[in-house]
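In order, the protein sequences belong to chains R and X.
Be aware that the first sequence starts at 1, since it is given in our numbering, and climbs by one per residue.
Be aware that the second sequence starts at 1, since it is given in our numbering, and climbs by one per residue.
I should point out that these hints are in silico values taken from the structure, not numbers from a laboratory.
Note that the structure is predicted; figures quoted are calculated from it, not measured.
Be aware that a few hints might be false.
Quick list of in silico lysine to any residue cross-link-like pairs, SDA-like style, CA-CA up to 20 Å [stated by the list, open to error]:
1. K101/X <-> I506/R
2. K245/X <-> V37/R
3. K73/X <-> S356/R
4. K215/X <-> Q341/R
5. K215/X <-> F485/R
6. K482/R <-> I208/X
7. K211/X <-> S356/R
8. K508/R <-> G39/X
9. K165/R <-> L255/R
10. K508/R <-> L75/X
11. K215/X <-> D108/R
12. K482/R <-> G39/X
13. K211/X <-> Q355/R
14. K215/X <-> M498/R
15. K215/X <-> Q355/R
16. K442/R <-> S432/R
17. K180/R <-> S88/R
18. K101/X <-> A347/R
19. K482/R <-> G103/X
20. K508/R <-> A347/R
21. K215/X <-> I506/R
22. K215/X <-> C458/R
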Amino acid sequence: MQKNTCTRQFVLLAVIAGMAFFAAETRASTVVADSNVAERSDVINIDAMTIFGPIERPTVEFLHDKHTQAAKKMGKDCLTCHPRDEDSGQLSIRYMRFGDMDKKTVMDTYHAGCITCHNEQLSAGETSGPVVCAGCHGKTKKTISNRQTVVMDNSLHLRHIRKTKGGCRICHHVYDIEAKKLVYKRREESACRYCHPDLPEDDRMTIREASHTACIGCHRRLTVQNKSSGPMECIACHDAEHQANIEKLPRVPRLRAGQPDFVFIKTEGEGDTEVKAARMNPVPFDHKAHETYNDTCHVCHHATLTGCGECHSTPGKREGSGISLEQAMHRNCIGCHEQRQLESACAGCHGFMSQSRQMPQTYCSTCHMAPPVGEVRTDADRMPVASAAEMLAARTPTLATYDMADVPEKVTIESLSETYAPVDMPHGKIVSALVNGIENNKLTAYFHTERGTLCRGCHHNSPATKTPPRCVSCHDKPFQEKTLFRPGLMAAYHQQCMGCHDQMGIEKPASRDCIGCHKEKRNHQ
Amino acid sequence: MSITRRKFLGWMGAASAAAVAGKTAKAATNKEFPGYPQGLGVLFDVTRCIGCRRCEEACNEVNELPPPEIPFKELSVMDNKRRTDADHFTVVNSYNIPERKIGSVFRKIQCNHCLEPACASACFVKALKKTETGAVVYDASVCVGCRYCMIACPFEIPAYEYDEPLTPRIRKCTMCAPRVADGLLPGCVASCPTEALTFGKRDGLLKIARKRIQKHPDRYIDHIYGEREMGGTSWLYISDVPFSKIGLREDLGTKPAPEFTAGALGAVPMVVGLWPVLLTGIYAINKRKEKIAAGEQADAVAAAVEKANETAANNLAAAMETAEKEKTSAVEKAVKKALEEAAKREEPTEASEKDDTREDA
Chain R
1 MQKNTCTRQF VLLAVIAGMA FFAAETRAST VVADSNVAER SDVINIDAMT IFGPIERPTV
61 EFLHDKHTQA AKKMGKDCLT CHPRDEDSGQ LSIRYMRFGD MDKKTVMDTY HAGCITCHNE
121 QLSAGETSGP VVCAGCHGKT KKTISNRQTV VMDNSLHLRH IRKTKGGCRI CHHVYDIEAK
181 KLVYKRREES ACRYCHPDLP EDDRMTIREA SHTACIGCHR RLTVQNKSSG PMECIACHDA
241 EHQANIEKLP RVPRLRAGQP DFVFIKTEGE GDTEVKAARM NPVPFDHKAH ETYNDTCHVC
301 HHATLTGCGE CHSTPGKREG SGISLEQAMH RNCIGCHEQR QLESACAGCH GFMSQSRQMP
361 QTYCSTCHMA PPVGEVRTDA DRMPVASAAE MLAARTPTLA TYDMADVPEK VTIESLSETY
421 APVDMPHGKI VSALVNGIEN NKLTAYFHTE RGTLCRGCHH NSPATKTPPR CVSCHDKPFQ
481 EKTLFRPGLM AAYHQQCMGC HDQMGIEKPA SRDCIGCHKE KRNHQ
Chain X
1 MSITRRKFLG WMGAASAAAV AGKTAKAATN KEFPGYPQGL GVLFDVTRCI GCRRCEEACN
61 EVNELPPPEI PFKELSVMDN KRRTDADHFT VVNSYNIPER KIGSVFRKIQ CNHCLEPACA
121 SACFVKALKK TETGAVVYDA SVCVGCRYCM IACPFEIPAY EYDEPLTPRI RKCTMCAPRV
181 ADGLLPGCVA SCPTEALTFG KRDGLLKIAR KRIQKHPDRY IDHIYGEREM GGTSWLYISD
241 VPFSKIGLRE DLGTKPAPEF TAGALGAVPM VVGLWPVLLT GIYAINKRKE KIAAGEQADA
301 VAAAVEKANE TAANNLAAAM ETAEKEKTSA VEKAVKKALE EAAKREEPTE ASEKDDTRED
361 A
């Protein structure tokens, strides 16, 4: 009896163990299929019902451009689906309604409208949309959205100004609290986003609602009047390819919104208790030049057109989400400048450098310039803006390099030669290529002021000198415990050369084309 | 005195509670195997691999494998999703990643040398063994050819010499254990021109991997594959593309393979070993109790008998005494009466009657 129980228990356990093993196996072999999913820029996920609580059926995937084209074929236009508000004359961006009243009304609006139209088309013998529940309320999505946000850059803005003959008031407005209406105020124009939020807030239209109402509304009015106008299809504004084809004006004059040409970026703000003498020098900033580096003011002025110090103080305050002046400026300025390091001319050297490294302290004064001799460092407010212009003008950035005569033309790498013959590295050619790539770059010139700085791209960790130590001085045998993070000599060479070529987009010689760099040894079998 | 059903169930309950409690205690005692402290390993950096197949070539040489059908210089073979087999302990495959700046990435496949290998735990003759140096090595002399290791391995690494009719062996990467013992680098590591393969103590490799990720947070995915997968492996990977896109399974979990079967297999000795012990114990306890009870009963009976005897003796004595007294008093009474009668009658009979009385007593 006892023996019997034992056997039975063992068999049971074995079976359970087996089952567990196979369960793990089957779980592993589940593969997610993601083929047959088209990418489109006109996908609208109709989720209007979600605001009324849990939804009963999956949301509906709606292809807007497909419907616009179908309506056009039938001789119908936007008004078929989007009603016009008689007061403002604007079309609602919602389907057949102005607002989301209650669950039943919204649901019925969609069902009645969509199914009726689809049925009519069907009975007319045309291709049509679904008329049964699952046709629209599908669980699996057939498309994914690749919609790109629209950037109203300076060029596109200027085209609109020219087209409307300076009709700023057509788009720009402010809300007059007393009159309770939108009014145009000259010189107070700013970006739409400053007032129109991403998500619904109070009575304000979201940026999505506002831009579609205003842009499409205007484009449609012009089209109806048979005048040339901007596009109305989703794809024209929101597709990456179409965006690239939007006409760019070659020269865009400066947009005037009362901004300065030069300004001192303060190093103190409201509520600072710090000792004045201990503050950094204010940064003279070429505002005019930076306007040309960016597409819109919005890039830096993300919330208002006011100065940074209004919201960002040294300790940080509520208006600036607690982000201190130091963080705001360093992230914005250095962050943007570091993006430039990814450009192919720079990436060869900068790609190797740690992204989390600290800027050398000697670079602080590149921006936080010492005031001109004779002028006492004081509050940025009290320093005349003219002196910012003077300070910047006095600074002439020059890229410093050694005379090419001092740069070795050829370096022969032979210490490792085994399978292949020694490598003749065209050292001079490489240096010239690096110099040529950044010669006319103003930003680079500010930070490559020492003659050996550029050399340190390859001769890293060595002081900037005309005669840096050889690679083998540090890179010897690999995998030594004392120099855990240091590659061996062979890997150091390959990583440096191939890494730089990859980063700079130099295709030849290819990484795996050994004889592109190494000559075959004559005696080698 | 036998055990009741209620009592038996009670014992069983206690026994199973003890077994469960023992298991929880194990989990709570941090009793996981972090690998041998001096264990070696290799870190593979996907961003550094250029796909030159030098490692495949070196592996072939140092392990004296048959020459390849297609020479190692031919790079197009990497586009196929090749696997390791009895003649190829390592292969490097190419993966197309459209969103990457440089379209192809390469990933080397070989035994990952798990800290707690599934293959070794599945091998019932211990032909596969995790050594203290970190390598999972194979001993063909004890192998019975069951190929359980091939089924157990989550990375599908061990391969079998199906073409070998008499002495087929399991074949896989040895992390060049014999070379490492001689102070040499594993073949693949030594041949890698870019140090995409870094050899060293696993602890050090983890430090190197973390430092690389920290240095280029935008480039690397913040994960070291093999640090915890399947309880940790000696071969580690860092990458700039998701690991699942370069054929590394991300569904394995962090539990070492033996732990999946430890519960069930751990119960076997308990059932096979403890069950008889438990039953014997219960039997012995019962027996003992019965014995004690019998002893006690015997004692009680003896005591009772003794007591009864004593009481009987006492009663007897008392009865005898009473009887004696009664007899004496009856005799005295009779004597007295007789004396009185005699006195009434004659003087000469007085003496003879006195003698009679003495004889009766």
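Here is what the structure says about each hint:
no. : hint              : result
1   : K101/X <-> I506/R : holds, 13 Å
2   : K245/X <-> V37/R  : holds, 19 Å
3   : K73/X <-> S356/R  : violated, 39 Å
4   : K215/X <-> Q341/R : holds, 16 Å
5   : K215/X <-> F485/R : holds, 12 Å
6   : K482/R <-> I208/X : holds, 12 Å
7   : K211/X <-> S356/R : holds, 11 Å
8   : K508/R <-> G39/X  : violated, 41 Å
9   : K165/R <-> L255/R : holds, 15 Å
10  : K508/R <-> L75/X  : holds, 17 Å
11  : K215/X <-> D108/R : violated, 57 Å
12  : K482/R <-> G39/X  : holds, 18 Å
13  : K211/X <-> Q355/R : holds, 12 Å
14  : K215/X <-> M498/R : holds, 19 Å
15  : K215/X <-> Q355/R : holds, 6 Å
16  : K442/R <-> S432/R : holds, 18 Å
17  : K180/R <-> S88/R  : holds, 15 Å
18  : K101/X <-> A347/R : holds, 13 Å
19  : K482/R <-> G103/X : violated, 36 Å
20  : K508/R <-> A347/R : holds, 17 Å
21  : K215/X <-> I506/R : violated, 24 Å
22  : K215/X <-> C458/R : holds, 17 Å
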